[in-house]
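Enquirer: These are the residues of each chain, in order.
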Amino acid sequence: MKDWRYWLAEQRGTLLAFGIFIVMFTIYTSNHPAGFTANVVQTASNKGVLLAFVAMAQTLVVITAGIDLSVGMIFLLTNCLASWLVIGTGIETAFGVVAVLGTGLLCGAINGAIVIYGRLQPIVTTIATGAVYFGIALLLRPFPGGSVNEDLADALTGRLFGVVPASLVALLAVVLVVWVPFSRSVLGRAAYAAGSSEMAAYMSGVPIRRGKFAAYALAGLLAAIGGLFLTFFTYTGEAAYASGNAYTLFSIAAVVLGGVSLFGGKGSAIGAIFGALAFRTIGDLLFVFDFDPLWQPLFQGVILLIAVSLGAFALFRVRNRLEWFL
Amino acid sequence: MDGAVPLFRMEGISKRYGGVRALEKAELSVTPGSIHAILGENGAGKSTLIKVMAGVVAPDEGRMMLDGSEVSFASPAAANQAGIVCIFQELSLVPELSVADNIVISDPPKRFGMIDRKAQRRIAEEALARAGAADIHPLALVKDLPLSRRQMVEIAKALARKPRILILDEATSALTAADVAKIFGVLKRLRAEGLALLYISHRMNEIAELADQCTVFRNGRNVASYAAGSKSDNEVVELMIGREYSHIFPPKPVRAPAITAPVLEARKLSWTDRLDNISLTVGAGEVVGLGGLDGQGQRELLLAFFGVLRGLSGQILIDGKPVAIASPAKARGDRIGMALIPEDRKTEGLMLPMTVRENLSFAALDRLSRAGIIDRAAEQRLIDDMVALLAIKTAGLDIPVGALSGGNQQKVVIAKWLMRQPRIILLNDPTRGIDVGTKQELYQLMRKLADQGAAILFYSTDYDELIGCCDRVLVLYDGAVKRELVGAEITERALIASALNIHGEEMPVGGMAKTSARSMAKTPARGADA
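Same order as they appear, the protein sequences are chains Z and B.
In this text, residue positions in the first sequence follow this note's numbering: the first is 1, and each later residue adds one.
In this text, residue positions in the second sequence follow this note's numbering: the first is 1001, and each later residue adds one.
Just so you know, the hints here were simulated from the structure itself, not pulled from any lab data.
One or more of the hints may lead you astray.
Coverage of chain Z stretches by chain B, computed from C-beta distances (three or more under 8 Å per stretch; other residues unrestricted) [as the list claims (entries may be wrong)]:
hint, segment
1, 3 to 14
2, 185 to 199
Here are the computed lysine-lysine pairs in the DSS-like style, where the Cα-Cα straight-line distance is at most 30 Å [to be verified]:
hint, chain 1, residue 1, chain 2, residue 2
3, B, 1110, Z, 2
4, Z, 2, B, 1188
5, B, 1162, B, 1118
6, B, 1231, B, 1025
7, B, 1393, B, 1448
8, B, 1482, B, 1448
9, B, 1143, Z, 2
10, B, 1118, B, 1025
11, B, 1252, B, 1482
12, Z, 2, B, 1182
13, B, 1268, B, 1231
14, B, 1346, B, 1231
We treat Cβ as the ideally placed atom computed from N, Cα and C, and that holds for glycine.
Start from the sequences, fold in the hints, and give me the full structure.
Expert: Spelled out as structure tokens, the structure:
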């Protein structure tokens, strides 16, 4: 086989998610009253990147065969924190951004430390830490409020050169600065290896613990970037419990749509980003076709079911029933 | 280079797993530029020995010297660092990563802090070429490769780590003859380059060709070391065995020619490329053995009877009537009354964290309940009966079954199925990794059940068991029945000859005779459970 075939096989999930997104987005813009304009793309981008950041965060943990149910709460916590700190002069704002990102990193690192060194299950750990993070968010913002450096906010949610949505550029930058180095580093490979077969990885002398720890910590950082952007869009901080939970669950949906295996070891954050954008477009589709918004959750569920079923077709070919359980 | 100076020494190494003593004051010296063969039966301590060397398990006592100074390894990574690289029986490849990713996994080449993919590709290609496996594409995912190719990747991976001591544990067991020849060439070249190689294998001809020095292990001790070629195969076998088997088997009944209709019958059973036109019968009161090298379709045949395989062609008959067995639930139902004692009790036979009581009654719950409510008194009676019948040694019925010894766990699996009083009992290598005493009890139980009228189909990788327990043995090769041995025809010579699919008379006996089927198998052997 040629090299490109192997590449194609490896990127199948990502490409599929990309395809689903393109089809849905094309249907959306071609039925939008305004059509494919910079304005429509900017709005879609701003809505989409929030889930995209949280889905990237989820991807990192899912690759290690874990799951992070606290990403939505880190997202809220950093939103509330940003509504206090990312304000004032340039220096103050910069300090605020660093503090917010550092908080996210710390939250992720705490998850990682408990899961890896405390040997607790990721699902239980992150339910507990998620509740703690939400509790802190609530203390920071018992009521919606606060503010943000509006110049920075407008710059990052507006358009570059009048065409390109700035939020999309930010997303791309994060991919290049966080995801690409991670996925190509020894730690990233250790995270994949641990997710695929922890025993084989251990026997091969792979730094499993550091790889997994890095994945959890960076997941916190990415969720914090999402929280920062939420603040830029809303200009406020709000500890909205339902919203945090929705982001957590949608991030898992986006990851699955993006071809990341929940069994670990397989998939890419880029796939998850397209999964997130596609998932967000479902709501927009309902809007352009004049459906009652009440239908949205139902439709999102149906689309998600269809998408994950695509991945289950291989099961029909199984001839030894014991392989169902592998 | 002075070949006489040991590069690595192990002195007085002991290791216990619970009550089982795996190593007892074992000694070993390894010299550079030589191939050192380790021989011994399953459970002789070879696997534990190399796990200690490779940093996988820590010894309870004893010391290890490398280059004359004492060392200890906290992890496989530490052993690798010191230049000791092991190719394990259980493959240590990460399935979702590519071949190249796997080859460099311990120490990937880096550029600007990231993995240098070009350099990685180059290293992988070099290593594959060195291992004589240049046909494997470095970008292929390991999970997509067949077992024999994975084994070659494993060898390439070890070579890429530039070892000083290379340990090969049954590394050729999954390879084709052509690959074995290539690997031998590689190993001889490595020896010429001054590496120390430890070679663990059951194949006497391989050892004769490769080894300079041999050490025999038995019951956790090194019982003899000698220069290769200085002992005959028979002498070596005597050293390895050191115990007599035959007395542990119950006497077989003197069998009248079978007049009863078979209880279980297969006609021209085929499935994918693993089962090829298999026809067989098992009568009431009969113990029929399945022999042959491991991985010749024996396991699949049992699964086919038990309703696990889809797309089966041919017929299965119970009491002379064709039946379609669509699932294990149906196979164990009253109409068929079949039980399968699986090979891997930990995943297919038991729910380890659940209690002995729960595990015992799982398979029979439908019989013990009315309208979905379990009759606790009836359950208790039946469990007491089974615990007594099989002499299961447990601290109580409410402790997790995982806390029992391997032999007692296996008894629980068997008891669980006996609670349904099956008429047809399929056994898939049931004595793997259990102690001799328990084995003996199982042989006696098997015969007792047969005498009570059960039809028993018994797959074993241990030829002694087949000889000692079976009324008839069917030898499988490449998914087909190659030979049927009846009564006195069941000898080691006949079993080995037909397992290798060669004619009995041409078979050189001697050393091969006591070798177990597993050691010559196509699939890699699994070590005995501790």
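Enquirer: For each hint, tell me whether it holds in the structure or not.
Expert: Status of the hints after comparison with the structure:
no., hint, in the structure
1, 3 to 14, "holds (count 5)"
2, 185 to 199, "holds (count 9)"
3, 1110/B with 2/Z, "holds, 25 Å"
4, 2/Z with 1188/B, "violated, 33 Å"
5, 1162/B with 1118/B, "holds, 19 Å"
6, 1231/B with 1025/B, "holds, 24 Å"
7, 1393/B with 1448/B, "holds, 20 Å"
8, 1482/B with 1448/B, "holds, 29 Å"
9, 1143/B with 2/Z, "holds, 18 Å"
10, 1118/B with 1025/B, "violated, 47 Å"
11, 1252/B with 1482/B, "holds, 24 Å"
12, 2/Z with 1182/B, "holds, 25 Å"
13, 1268/B with 1231/B, "violated, 47 Å"
14, 1346/B with 1231/B, "violated, 40 Å"
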